[in-house]
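Q: Per UniProt numbering, the very first residue in the sequence shown carries number 1; after that it's consecutive.
The set of hints was computed from the structure by calculation and includes no laboratory data. No residue lacks a Cβ here, since even glycine has one placed at the ideal position from N, Cα and C. Do not rely on the hints blindly, as some may be mistaken.
[Said to hold, decoys possible] Simulated restraints, written as ranges between beta carbons of each label pair:
(1) G184 with T520: 19 to 27 Å
(2) G367 with V70: 22 to 30 Å
(3) N657 with D617: 20 to 28 Å
(4) P620 with A181: 25 to 33 Å
(5) T75 with G164: 39 to 47 Å
(6) D617 with K228: 23 to 31 Å
(7) T602 with A671: 18 to 26 Å
(8) T520 with D621: 26 to 34 Å
(9) P644 with F534: 22 to 30 Å
(10) N655 with G84: 35 to 43 Å
(11) D617 with G533: 48 to 56 Å
(12) Q485 with N657: 45 to 53 Å
(13) T602 with G164: 30 to 38 Å
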Amino acid sequence: MHRTNVHWGGRLSALARGLAATVALALPLTLGGLTLANPGSALAAPVATQSVAAAGLDGVAAGNAAVASVDLSGTWNFTPAGRGATSIAVPGGGWYKQGFTDVNEAVYSRSITVPDSGQPQSTWIEFGAVNHQATLSVDGRVVATQTTAFTPSNFDISAYAAPGTTHTITVNVKGRGALKASNGRYLVPDAATWSEAIPQGIFGSAFLRVYPAVYVSDTFVRTSVANKTLTYDVTVRNTSGSSRSVTLTGSLSSKNGTAFSYPALPSRTVTVAARSTVTVTVGPVAWNLGSTSYWWPNVPYRSGYRAQLHGLTVHAVTDDGRTSDAEYRFGFREATQNGDYYYLNGVRVNFRGDNLQGADYDRINNGGKGDAYHTLPGFLPPSSGNGGWPQAVDNYQRLNYNVVRIHQEPGSPYMLDVADEMGLMIIDEVAIRGSQSSQEWQNSVGRDNMINHARALVLRDRNHPAIVRWSQNNEPNQSGQDSEQFEKDLYAAMNGADGTRPIIVEVGVGNNVSLYPGMTYANFAVIPHYVDGFGRYGEGLVSVNGRPDGEGEFIWPACNNKQGFEWFATATAAKRGKGATDLRPYTLLSAWASVVPGVRSTDFTPEEGGHPIYGVDNLPDPWSNPQIQRVQAAFNPVAAIDLPYWSASGNSDSNGNFPLAQAVPTYARNATVTRNITVFNDDLTNTAVGFTWTARL
């Protein structure tokens with residue numbers, strides 16, 4: 001056999017991101033058509049991506065202004081509808097996880113004692129999440145009824161429970177099975193009808209909190225890289241019986257130990273009427289701290305990377321001298337949509353990642369099935385023998401996934417906090433889905449519940465810099481109920497509560513990305529699923545002029561076999577070569593379940609059936625696995641790929657082999673060969689790519 005090794009090295013200049021130049025090289029073994037990524041970035045790329053070594057992973061959410069907090073976790077009385085009284089752990093993952101698998105409605109109760117703060121106060125019962133309708137009473141007196149899905153449910157009991165007194169609270173909760181329209185559809189967004197183990201009842205957390213009578217109840221931090229400004233909206237709640245004048249001041253700090261010369265923040269004075277709330281805007285304030293002060297994702301992957309985060313402390317003083325303080329963590333960054341592309345901090349960004357379906361992990365029997373996000377070790381802080389959610393984020397990033405759509409079941413606040421800290425971009429999605437046509441959108445009650453849920457999710461999560469997009473609906477075209485007006489209402493709810501991020505709808509089979517001709521909003525796009533059909537290899541891409549192109553789901557249900565897993569690499573590379581801005585094969589957990597630490601391939605049955613290919617039980621060293629290595633290569637932000645060569649073996653075989661022997665070209669001795677190599681630059685900083693190649697014949 002004649003073997004020739006040919007080497008060429010060079011450096012190619014191009015703007016970060018996209019496709020640009022073609023270079024032909026005259027060599028004995030000819031390399032032709034060197035295609036490079038070209039961004040057309042709106043702002044200059046930063047000089048360097050900030051990597052902060054100091055900060056740990058504390059998972060600290062935005063602070064609240066409580067002056068006293070009582071953890072209500074523990075054993076509560078529990079009476080399922082039509083049954084005798086028993087007990088249950090709260091939060092405990094909800095009632096399904098604790099063996100009450102056929103319960104649709106139940107009453108929780110326990111005794112509480114209200115702390116006395118020594119000043120006029122406001123007392124609240126706060127649940128991290130309730131699925132879905134909760135009616136809270138104090139000593140038999142109804143306080144309020146709230147209908148929620150995966151978001152907080154908070155009740156003001158100030159008028160029912162004086163400081164220092166003891167009371168019995170009861171919470172009558174209706175799960176999804178008790179909230180159905182006459183046609184059998186759910187009146188609430190239940191995330192995944194196909195999963196029996198979706199959390200029901202109270203879950204996440206449970207607290208009694210005491211606040212000053214006048215206090216800072218919320219703050220939304222808005223940052224603009226384009227304008228180099230910081231603006232924040234402070235909501236002040238007055239629960240007292242008198243009007244109050246409130247003076248607000250603020251200060252900034254670094255949450256990573258890196259020193260910055262922060263700007264001074266102006267004070268504001270506002271009058272808040274009795275038993276009302278007022279939101280006051282502070283800013284815009286000039287932010288001239290440079291790109292090292294910005295929040296950047298961990299792209300390209302660096303082990304131990306920590307993103308730059310900042311703290312905003314808000315101090316409120318009332319005209320009677322009472323005070324309230326709250327701190328909010330944020331990242332200075334700007335996520336935008338401009339025509340065909342997405343941008344982060346003015347630099348074009350292409351998304352390559354996953355759709356994390358928590359409902360699959362809910363099926364793991366970990367002391368019962370359900371609520372994986374709050375109870376499964378792989379989604380929690382690191383513990384003995386398990387790296388927890390920080391290890392899962394590192395696995396995604398090491399795989400060269402730069403984004404995760406937390407799909408249908410909203411993630412926990414801790415999960416979002418860690419994504420902020422480690423620089424993993426998130427698409428935050430509602431629990432509304434058209435698939436199975438199982439949710440009621442036309443009945444006014446169901447419709448309102450969907451819209452209110454979309455708004456509540458944004459209000460909960462909008463201070464997280466890791467969230468770069470909202471997803472307002474999943475496959476609505478398969479519901480038989482969708483309308484442009486419904487989608488406009490969802491958009492208005494989410495954009496009205498935020499206004500700083502792009503919003504998408506992900507449509508199912510049919511790929512009609514022009515379903516909503518009246519939704520011409522500059523920050524809105526429709527992302528299709530399954531362009532090439534279900535369970536098939538394909539290289540298709542649906543393009544829409546003036547809107548980002550991509551594919552939010554492809555490959556499923558073949559994702560749980562080795563051939564389909566190979567398509568994660570080969571199909572993604574092919575579609576990437578066509579300029580797609582957003583590619584997310586569905587779904588990594590069916591191929592590599594232990595991307596979330598500690599999960600075995602036998603632990604659950606995914607939506608499509610069968611079992612995942614790989615888990616901690618059969619893949620102790622994932623990074624030496626050739627399929628995972630192939631995915632790493634296909635998703636690498638800076639990559640040189642012979643796309644025709646990859647395409648020839650793109651369909652792979654039942655064992656997931658690559659390349660296929662029959663697809664490898666052969667050449668005569670001394671022949672001149674031309675190969676087209678596509679060079680991708682999805683780095684967020686550098687505008688030149690070093691390129692070296694070797695040919696082995």
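Q: Now, for every hint given, state plainly whether the structure supports it.
A: Okay, the hints, checked on the actual structure:
1. Judged by the Cβ atoms, the range 19 to 27 Å given for G184 and T520 is violated: they are separated by roughly 36 Å.
2. The beta-carbon spacing between G367 and V70, approximately 25 Å, falls within the hinted interval of 22 to 30 Å.
3. Evaluation of the 20 to 28 Å hint for N657 and D617 yields a pass: the beta carbon distance comes to about 23 Å.
4. For the pair P620 and A181, the supplied restraint of 25 to 33 Å is violated, since their beta-carbon distance comes to about 49 Å.
5. At roughly 24 Å, the beta carbons of T75 and G164 sit outside the given window of 39 to 47 Å.
6. A hinted range of 23 to 31 Å for the beta carbons of D617 and K228 is inconsistent with their spacing of about 51 Å.
7. The hinted window of 18 to 26 Å between T602 and A671 is violated, with their beta carbons roughly 51 Å apart.
8. Between T520 and D621 the C-beta distance comes to about 50 Å, which lies outside the given range of 26 to 34 Å.
9. Range check, P644 to F534: Cβ separation about 26 Å, and the 22 to 30 Å hint holds.
10. As the Cβ distance of N655 to G84 is approximately 56 Å, the hint placing it in 35 to 43 Å is violated.
11. Checking the proposed 48 to 56 Å range against D617 and G533 shows it is violated: the Cβ atoms sit about 32 Å from each other.
12. Distance hint check: the CB atoms of Q485 and N657 are about 50 Å apart, consistent with the given range 45 to 53 Å.
13. In this structure the hint that T602 and G164 lie 30 to 38 Å apart at CB is violated, the actual value being about 53 Å.
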